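Participant: What follows is each chain in one-letter form.
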Amino acid sequence: MRHVISLLLENESGALSRVSGLFSARGYNIESLTVAPTEDASMSRMTIVTSGSDEVIEQITKQLNKLIEVVKVVDLSEAAYIERELMLIKVRAVAKDREELKRMADIFRGRVVDVTDSTYVIELTGTQDKLDSFINAIDRALILETVRSGVTGVGRGDRILKV
Amino acid sequence: MVLTGAEIVVRCLQEEKVEYLFGYPGGAVLFIYDELFKQDKVRHVLVRHEQAAVHAADGYARSTESVGVALVTSGPGATNAVTGIATAYMDSIPLVIISGQVPTPAIGLDAFQEVDTVGITRPCVKHNFLVKDVKDIAATIKKAFYIAKTGRPGPVLVDIPKDITAHKCEFVYPESVSLRSYNPVVKGHHGQIKKAAQLLFEAKRPMIYAGGGVVLSNASEQLTKLARALGFPVTNTLMGLGSYPASDKQFVGMLGMHGTYEANMSMHYCDVLLAVGARFDDRVIGDPKHFQAEPRKIIHIDIDPSSISKRVKVDVPIVGDVKEVLEELARLIEAEKPNPENASAWWRQINEWRGKQCMLYKGSDEVIKPQFVVQKMWEVTGGDAFVATDVGQHQMWAAQYYGFDKPRRWVTSGGLGTMGFGLPAAMGIQLAHPDKPVAVVTGEGSIQMCIQELSTCKQYRLPIKVVSLNNRYLGMVRQWQEFFHGNRYSESYMDSLPDFAKIAEAYGHRGIQVTKPSDVEGALREAFITHKNDLVFLDFQVDSTENVYPMVQGGKGLTEMILAEDL
Ligand SMILES: Cc1ncc(C[n+]2csc(CCOP(=O)(O)OP(=O)(O)O)c2C)c(N)n1
Chain A
1 MRHVISLLLE NESGALSRVS GLFSARGYNI ESLTVAPTED ASMSRMTIVT
51 SGSDEVIEQI TKQLNKLIEV VKVVDLSEAA YIERELMLIK VRAVAKDREE
101 LKRMADIFRG RVVDVTDSTY VIELTGTQDK LDSFINAIDR ALILETVRSG
151 VTGVGRGDRI LKV
Chain B
1 MVLTGAEIVV RCLQEEKVEY LFGYPGGAVL FIYDELFKQD KVRHVLVRHE
51 QAAVHAADGY ARSTESVGVA LVTSGPGATN AVTGIATAYM DSIPLVIISG
101 QVPTPAIGLD AFQEVDTVGI TRPCVKHNFL VKDVKDIAAT IKKAFYIAKT
151 GRPGPVLVDI PKDITAHKCE FVYPESVSLR SYNPVVKGHH GQIKKAAQLL
201 FEAKRPMIYA GGGVVLSNAS EQLTKLARAL GFPVTNTLMG LGSYPASDKQ
251 FVGMLGMHGT YEANMSMHYC DVLLAVGARF DDRVIGDPKH FQAEPRKIIH
301 IDIDPSSISK RVKVDVPIVG DVKEVLEELA RLIEAEKPNP ENASAWWRQI
351 NEWRGKQCML YKGSDEVIKP QFVVQKMWEV TGGDAFVATD VGQHQMWAAQ
401 YYGFDKPRRW VTSGGLGTMG FGLPAAMGIQ LAHPDKPVAV VTGEGSIQMC
451 IQELSTCKQY RLPIKVVSLN NRYLGMVRQW QEFFHGNRYS ESYMDSLPDF
501 AKIAEAYGHR GIQVTKPSDV EGALREAFIT HKNDLVFLDF QVDSTENVYP
551 MVQGGKGLTE MILAEDL
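Protein sequence lines, in the order shown, are assigned to chains A and B.
Each residue of the first sequence is one higher than the one before, counting from 1 in the numbering used here.
Each residue of the second sequence is one higher than the one before, counting from 1 in the numbering used here.
These aren't lab readings, by the way, just hints derived from the structure by calculation.
Just to be clear, a hint being listed does not mean it is correct.
Unchecked claim - Calculated lysine-lysine pairs in the DSS-like style (CA-CA distance at most 30 angstroms, straight line): (1) B:K436 / A:K62; (2) A:K72 / B:K41; (3) B:K17 / A:K162; (4) B:K132 / A:K162; (5) B:K436 / A:K66; (6) B:K313 / A:K72; (7) B:K313 / B:K297; (8) B:K17 / A:K62; (9) A:K66 / B:K17; (10) A:K72 / B:K135; (11) B:K41 / B:K297; (12) B:K17 / B:K135; (13) B:K135 / A:K62; (14) A:K72 / B:K132; (15) A:K66 / B:K337; (16) B:K187 / B:K149; (17) B:K149 / A:K62; (18) A:K62 / B:K41; (19) B:K41 / A:K66; (20) A:K162 / B:K149; (21) B:K149 / A:K72; (22) A:K62 / B:K297; (23) B:K132 / B:K195; (24) A:K130 / B:K135; (25) B:K168 / A:K62.
What the hints assert, rightly or not - Some chain B residues well away from chain A (every beta-carbon gap over 10 angstroms; in silico): (26) I147; (27) Y182; (28) A246; (29) K310; (30) A345; (31) L563.
Since this is a predicted model, take the numbers as computed values, not measurements.
We treat Cβ as the ideally placed atom computed from N, Cα and C, and that holds for glycine.
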C-alpha cells in the first residue's frame, strides 16, 4: 500500500543522506522524497512517498524515528490529509494543438506560464493522481519535458506536526 | 581558558574519565597525538592495526560498563577501523571513535589520505559527526559519549579535520546534553507490564529468552531474581551468555543454530514467551514461518522499538530499559506469589528433552577433541575467566562448553561474526581487568587475521592466554561444505600453517604446541597458573573434522536439529 510519511528533522548537512541511506540499506521503496527548511530555520520538513506491507511501514517509521537527527515522524496517510505536487510540463504547441492544450490546462486548473511560437510550459498542482491523469489526457508525442516536485503533504484540521 | 582544538579533544577525553585510548597515529591526528604526549591521564595504547584499536576498545567496553574509545587517522586509518565499528554496531556496543580528517579547505578535493569517513561509516554507526568549527568540538564529543551509552548503545564516530585541531577557542565542557530529537524511553508502559505479568501467571509452558540487551543494561541480577520467583526455564542467546548463571538448574543452555536440544524445543513449544533484550535473530529462531506456526503469546521487552515486531509478531511489546522493566515486573510477580506447580508438567517435558544429553561428544585418547579443551579450560580457571573469541567452530564450542555464571565475562562478535576480533578484544579486557585471567579461544584461521597484536600484548605486558583450537581447516566453512556442499572442501583447508608456538616466541611470548589429549590439562595449567603473568599461546592440534552439534541448518525450523547422535 502507498503511504505518505512526513518528518521533521534537524537542518544539518548529513541528515538527508541518513534518511535516503536508510531506505536503500534496508531495501525500502522510495517513490518520491521532498525536503525543504520550515519557518524554523533549524528544522527541515521531509515528505516521503513509499509503499509496503503494514509490517514494512511500521519498520520504516520506527527506523526513521531511530535516526538521531529525526525529530518527529508521522504517517500522513493514516488519517485525513492533503497532498500536493507541482508539475511543470513543457509541450510542443503549434497549430490546432495550441488551442487543445490550453483547453486541457484549463480543465485541470493549470496555468500556461511560458509561451513561445512552438511551446508552452504548463504549471499544474494537485495530487499525484491528478498530475498523472493530465499526462495521460494529452497527446504523449507533444510532451517535451516534465518536471515534478514530488509529493508534499499536511494533515487536515488538528493533525499538526510540530515540536 | 583558550585552547587549541587538539587540546580540547584531550581535555574532553579526560573529562569523560577515559582510562585507555586505543589508537594509531598519522598525519591528520598529529596535533592530537602531540597533546596526548603532554599529559598522563588518558593512557594511549598503540595497536598494530586500526581494526584492532576498535576491537580493543570494544572488548574494554563489553567487559566493563564504560564507553570504549579509539583514535585513528584519516583515509586508511579510518577505513581500517570500519570492520571494528561495524562489529560494535551489530552488537550495540558503546564506543566513541575519533578520526582525523584532511584540513577543511582540502575536503572534497581528493586530498592525500582523504576519504568520506562520515559517509563510509554512516550505515554502521549509531551516529556520526563531522566537526567543522573548533567551537563545536567539546559539545560534539559530549554528545558522542551521551549517544553512545544511552538508549540502545552503539558506536559514534567524530571526524575532525586537521586544521580544526590547530584552531583555538575558549574551552568549556558542557555539563549535560539535551537533544530534542533523541530521548530514549527508559521506563516501560505500566499497563503493558501488568498485561505481561498476567500472561506469566497464566502460563502453562512458560519460557524466558534473554539476550545481549540484558548484559548491556546490567540487568542480570533483575533477570535472575525474576526467573527464580517464577521458577521458569531460561535460555540465553549467544550474546546473552552470562546474563543468567549457566550453572543454575533453571538454565536450559544457549538456543539457536547451535543451541541445546532442550532450549530449542522449549523455545518452540512454549505457550508464553518472555523475550528480554533479544531480537529473534535468524541465527536464533531459524525460519520465522516455522517458528510462528506454533501458537504462543510473546512478551517482548526491548529499549529499541524497531527491534520489536521486526521478524516476529509480538503480543505484548514493552519498550524500555530492560533493567527498569524487569524490576517493575518482578514487583508485580512477587506481590502475587506465582504457584510453581503451574509449570510442573512443562518441566517434566523439559527434563525429558534434557535426557537426550545433546552436548555429549565422543571422547578420544588419541586425538584432542576441541570440546574437551574448552571443558578443561573451564576446570582450570574455575569457570571464572574472561573469554573472548574469534569466529567459527571454536566460538560455538566456547559458548557451549564454558558455562558463564556472570555477565560481561563472555566477549564475542555475534552480529557481524568478525574473524580477528578475539585477540584485540582480549587486550581491551585485560587492560580493564589486569588481575583477572583472560583467554581468547580462537582458530588457526581467525588468529591470523589480527596476529600482529601479539606485539601490542608484549609492549603492554598483557598476559592473555591464546587458546587456539587448531584444526588446520576453516572449520565452520568446512562443516557447511560437509553438510551442504557434498564434502567439496573448496578453499577451506589451510596449507603452510606457521608454527604458532614459535611465532609467539618470536614476539617475546611463550608458546606451547599440544598434540596429545593427555597433555591438555597440563598445558592449560602451565598457561593459566604457572605462567599466569605471561602471554601463553597454546596451539592445540585438535581433531580436524569435528563438527558443532546440535545444528539447525539455515532456513530450517528451530526443532529441525541435527544431533551428534543421529550420525
Ligand atoms: C572476516 C571474516 N571473513 C570470513 C568469515 C567467514 N567465516 C566464518 S567462520 C570461518 C572459519 C574460521 O576458521 P577458524 O578461525 O580456523 O575457526 P574454526 O571454525 O576452524 O574453529 C570463516 C572463514 C568471517 N566470519 N569473518
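Participant: Each hint: holds or not?
Facilitator: Verification of the supplied hints:
1. B:K436 / A:K62: violated, 41 angstroms
2. A:K72 / B:K41: Violated, at roughly 41 angstroms.
3. B:K17 / A:K162: violated, 38 angstroms
4. B:K132 / A:K162: Answer holds: K132 of chain B to K162 of chain A is near 29 angstroms, not above 30 angstroms.
5. B:K436 / A:K66: Violated, at about 38 angstroms.
6. B:K313 / A:K72: Since the Cα atoms of K313 of chain B and K72 of chain A sit roughly 25 angstroms apart, the hinted pair holds (cutoff 30 angstroms).
7. B:K313 / B:K297: Roughly 10 angstroms separates the two Cα atoms, so the pair holds.
8. B:K17 / A:K62: violated, 34 angstroms
9. A:K66 / B:K17: Holds - the C-alpha atoms of K17 of chain B and K66 of chain A are around 28 angstroms apart, at most 30 angstroms.
10. A:K72 / B:K135: Roughly 28 angstroms separates the two Cα atoms, so the pair holds.
11. B:K41 / B:K297: violated, 52 angstroms
12. B:K17 / B:K135: holds, 21 angstroms
13. B:K135 / A:K62: Roughly 33 angstroms between the alpha carbons, so the hint for K135 of chain B and K62 of chain A is violated.
14. A:K72 / B:K132: holds, 26 angstroms
15. A:K66 / B:K337: violated, 38 angstroms
16. B:K187 / B:K149: holds, 17 angstroms
17. B:K149 / A:K62: holds, 20 angstroms
18. A:K62 / B:K41: violated, 41 angstroms
19. B:K41 / A:K66: violated, 35 angstroms
20. A:K162 / B:K149: With a Cα-Cα distance of about 28 angstroms, the restraint between K162 of chain A and K149 of chain B holds, given a limit of 30 angstroms.
21. B:K149 / A:K72: Distance ~22 angstroms between K149 of chain B and K72 of chain A Cα, so the pair holds.
22. A:K62 / B:K297: This hinted pair holds, its Cα atoms lying about 23 angstroms apart.
23. B:K132 / B:K195: violated, 49 angstroms
24. A:K130 / B:K135: Not satisfied, since the Cα-Cα distance of roughly 50 angstroms exceeds 30 angstroms.
25. B:K168 / A:K62: violated, 40 angstroms
26. I147: violated, 6 angstroms
27. Y182: Not fine: 5 angstroms to the nearest Cβ puts Y182 of chain B too close to chain A.
28. A246: A246 of chain B clear of chain A: closest Cβ-Cβ about 33 angstroms, beyond 10 angstroms.
29. K310: violated, 6 angstroms
30. A345: Since the minimum Cβ distance to chain A is about 35 angstroms, A345 of chain B lies beyond 10 angstroms and the statement holds.
31. L563: holds, 34 angstroms
Going down the numbered hints, you'll see the structure goes against 1, 2, 3, 5, 8, 11, 13, 15, 18, 19, 23, 24, 25, 26, 27 and 29, while the others check out.
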